[in-house]
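A.B. asks: Assemble chains B and C onto chain A, guided by the hints.
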Amino acid sequence: MSNSMMYVNEMVEEASAHDRPERKRRLGILFWICVGWLALNVLAAIFANVLPLQDPLFQNYVSINAGPSLHHLFGTDDLGRDIFSRVVFGSRVSIEVSSGAMVIGFGVGAPLGMLAAYRRGKFDAILSSVMYVFLAFPAIIATIAVLSFWTPRSLFKIIVVIGIASIPVVYRVIRSAAMTIATKDYVVAAKVQGATDRRILMKELLPNVAPIGISFLLIGIATVVTLEGALAFLGLSVNPPTPSWGNMINESLAILQTNPWLAIFPSLAMCLFLLCLNFIGDRLRAHYDVSDGKL
Amino acid sequence: MLIVIVFIITVGAFYLIHLLPGDPAVVILGTGASPVNRAKLYAQFGLNKPILEQYFVWIRNVVHGNLGTSFITQTSVWSTVRAALPIDVEIIVLSQILAFAVAIPTAMRSARKPDGWLDRILSAGSFTLLSIPSFVIIVLLVLFVAIKLGVPHTGVSSYVSLSSDWITNLESLTLPAFTLAVGSYVVYYRVLRSDLIATLQEEFITMARSKGISQRRIMWRHAFRPSSVALLGTAGVNIGGLLASGFIVQYLLSIPGLGYTLITSIGQSDYLVVQGIVLVVSVGVILINFAFDFIINIVDPRISRE
Amino acid sequence: MSQEQKLLVVKDLATTFHTPSGPLAAVGGVSFDLNQNETLGIVGESGAGKTVLLRTIMGLQPRTNVDVSGSVLLDGFEVVGASEKAKRSIWGLEVAMVFQDPMTSLNPVMRIGKQIDEILRVRLGMDRRAAKARALELLELVGIPSPAVRYNVFPGELSGGMRQRVVIATALAGSPKLLMADEPTTGLDVTIQAQILNLLEELKEQMKMSVVLVTHDLGVVATRTSQIIVMYAGRIVEMGSTREVFAHHRMPYTRALLEGSPKVSNPSHTRLLAIPGRPPNLLNLPKGCSFAPRCSFATDRCRQERPELENANAPGHTFACWNPLPVTQSVSA
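Residue numbers (the numbering used here), protein chains in the order written: chain A, 1 to 295; chain B, 1001 to 1306; chain C, 2001 to 2333.
Okay, chain A solo, but in the shape it has when bound:
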């Protein structure tokens, strides 16, 4: 609670510095459960075609709005389509959009952020103020606006729009992370000893920025999954009948009272997916001791 705890911490640090090996905090069992769940989701999405799943588009008019059963694990929707298989196929959209957008966001934002932190000076000043302007932009509104005008909509366009919108955010996080490392003695020392810029960036900066980048990447993916869900909800994501978690929930609204399963299962799938991402991201961040403020 109070400040004398800090003296104690200093004492403990000093004390443990010379004779005890530093204790590595464990990530915990929950962390690995989350990793497992995410891996399962991703594998299911990749191999959805070869898995023994029912056709997500096949309309079985004999069983409409059926509850969960052995034959239809999650039940069926108002067109008699199997909800389980639609949830599995629906994860494809979320995973494709989020990973695609993050490839663009990190592909552009991360190198620029590292360069700006390393180079400083004019390069950093100009780039940062440009990014600041775009950061001030209400990105969600801009995304909605562009997607509603840029017709016909496709997965590719959604990825591009969200990816571009994420560049300034990634840039800011990576730049501030790299900044604290770029000013450390060993980087300065490497510079003085005449190491090439390329070498310093790859050997000194990258490995140290990576943990922060990875934990932010996971949180970024979670954000994009949510955003794609919201867009699907507004009818701005992939067109039906292709299933996505967002548009399944959207379709469920009209028949919420007759068939709540159609809303519950995709919601559950999405929330679990997000929970795991957030949890892993949070744990990694704590593990590498990155303060909340940087994200």
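The reader is advised that the hints may include incorrect statements.
[What the hints assert, rightly or not] Ranges between beta-carbon positions, derived for each pair:
#1 C/A2086 x B/R1120: 21 to 31 Å
#2 B/N1048 x A/T180: 53 to 63 Å
#3 B/R1216 x C/R2128: 13 to 23 Å
#4 B/Y1015 x A/Y132: 19 to 29 Å
#5 C/G2156 x B/V1089: 31 to 41 Å
#6 C/E2201 x A/Q193: 45 to 55 Å
#7 A/T180 x B/Y1015: 30 to 40 Å
#8 B/R1216 x C/G2076: 22 to 32 Å
#9 C/K2208 x B/S1214: 26 to 36 Å
Think of the hints as simulated: they come from the structure by calculation, not from any bench.
Virtual Cβ for every residue (Gly too), placed ideally from N, Cα, C.
C.D. replies: For chains B and C alone, coordinates are given in the frame of chain A:
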């Protein structure tokens, strides 16, 4: 800075029209449009002039409050926006009051004994809520609470404005405000908690303690204000996200705010209304952000000094 | 000397922190007492447990993961084991603290007037006007020019020396009988240091307080204290009247400290003798004398058995050492 950003927003909003495939006039008005409407649209955007001039023609109109006339409803875009805007403002204000009213005391509680049982419960709860998107919250609320309890939750026609019948109005906005409040609460709680914990480690808190004043006074008078900078910053940024979540909630509950209007307009390809809403909302968000920056400078004199 | 005159009686005080790496004995076996209107100096290297000792005496230690045993009688009030609520009644009014670093000990977002007022209004029940008048007096007393203006500024607008004066004014607001000054000049310029120390001395006379002055600089305590405690690794290794300790110290550590402090009488460029080695690991203290590993006089006994405090020739002068320095040795202080 503000001017630069607003300028870029107007350019962006203007350029939206040109994202439409083909001749915007044809897309907006359809192939069988009347010459009168065509003339109106051309006047609005100066479509036959060079692009730079088009922008100036359009921006002059916008500055004069002329966002064009919807070719679908034949009403002025500005009046549509003006009718819907107060609903969004009301929902957001209500939700923020709710979110802060719960986030501040719970964060204070948590921070007093970090890792105590109450903090663990609150933190785990907030973490779970963090992973539930607002559109899922609203669906679940409608599914499990509103339908069962008979809370009024839907209907454009049944919507009553604040000035005509405030009780019915508040009733119908309870659900959307609550939904937005949940999302905001999680963020505010987490930000304030972690800042409070950091602040409580500060020497000046020990000094306040050494004066023999109560724990309560230490929390509110000494710890709260220096811990609220990130909270305010987050709140400012959060407003943009709130608008978007608000859109979904309105659409779902058929509350005729900007979001509902926006989505129906997208569905009807009523591009001028979409453009108008995007412009007004973007500028609004920017202004709110700057307002929050301003408040932060007042709350923490350290920042303006740097 | 009867118990009545003692403002502070500390017996067998020990503070142990429970850390993830095991118990950490920050302070152990500390006993001493302090008369009214007296100034006690506590010296030792950083990490010797001076700050923790001071806070434990006041009862200001963290509320969790810490054990305190022994007894602290502060003007008849038993601090050890008292509830936070009970301790609040003495904090500010009986005992107050001047914190080490004026850059961090003032609330950065509270006007300094309010920080001085607080104790007057909350603890003494003064109304706004009376509190402000008193706060202005205090600002004047600690030598802050144009107090009426300074009353309304934030700490960030003041220099370090000015801030430390504000900290002192805040500590004095409740007219405490005992003032704890925890290295009050560490972060300040040398010229300002002397000013602040002189100010404390004047105020002590003026307000009839007792003062505990913690420092790592023996030079600071030489002229300003009547008693000295030398601490090493959380324990008292030598104590006595200032004059006695300076003239006839017996503990090699005290000598090392004395030789390590710069003196005006020395020609410039005299080499300062740093004490070789580093303070011991408090998580894992050596079995015998804590100073033995760094001591040139250490014998096997020093490494095996811990020396207790024993009397020196002069009354009240005690030291803990198996191989004390000869009585006659003296370093000109």
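A.B. asks: For every hint, state whether the structure bears it out.
C.D. replies: Cross-check of the supplied hints:
1. C/A2086 and B/R1120 have their C-beta atoms about 29 Å apart, which keeps the hinted 21 to 31 Å range intact.
2. A hinted range of 53 to 63 Å for the beta carbons of B/N1048 and A/T180 is consistent with their spacing of about 55 Å.
3. For the pair B/R1216 and C/R2128, the beta carbons lie near 20 Å from each other, so the given range of 13 to 23 Å is met.
4. Checked against the given bound of 19 to 29 Å, the beta carbons of B/Y1015 and A/Y132, roughly 21 Å apart, stay inside it.
5. A C-beta distance of roughly 36 Å is found between C/G2156 and B/V1089, which places it inside the suggested range of 31 to 41 Å.
6. One distance hint, 45 to 55 Å for the beta-carbon pair C/E2201 and A/Q193, holds here, with the actual separation near 53 Å.
7. Between A/T180 and B/Y1015 the beta carbon distance is about 38 Å. The supplied range of 30 to 40 Å therefore holds.
8. About 28 Å separates the C-beta atoms of B/R1216 and C/G2076, a value consistent with the hinted range of 22 to 32 Å.
9. The hinted range of 26 to 36 Å is satisfied by C/K2208 and B/S1214, whose Cβ atoms lie roughly 29 Å apart.
In this structure, none of the earlier numbered hints is contradicted; all agree with it.
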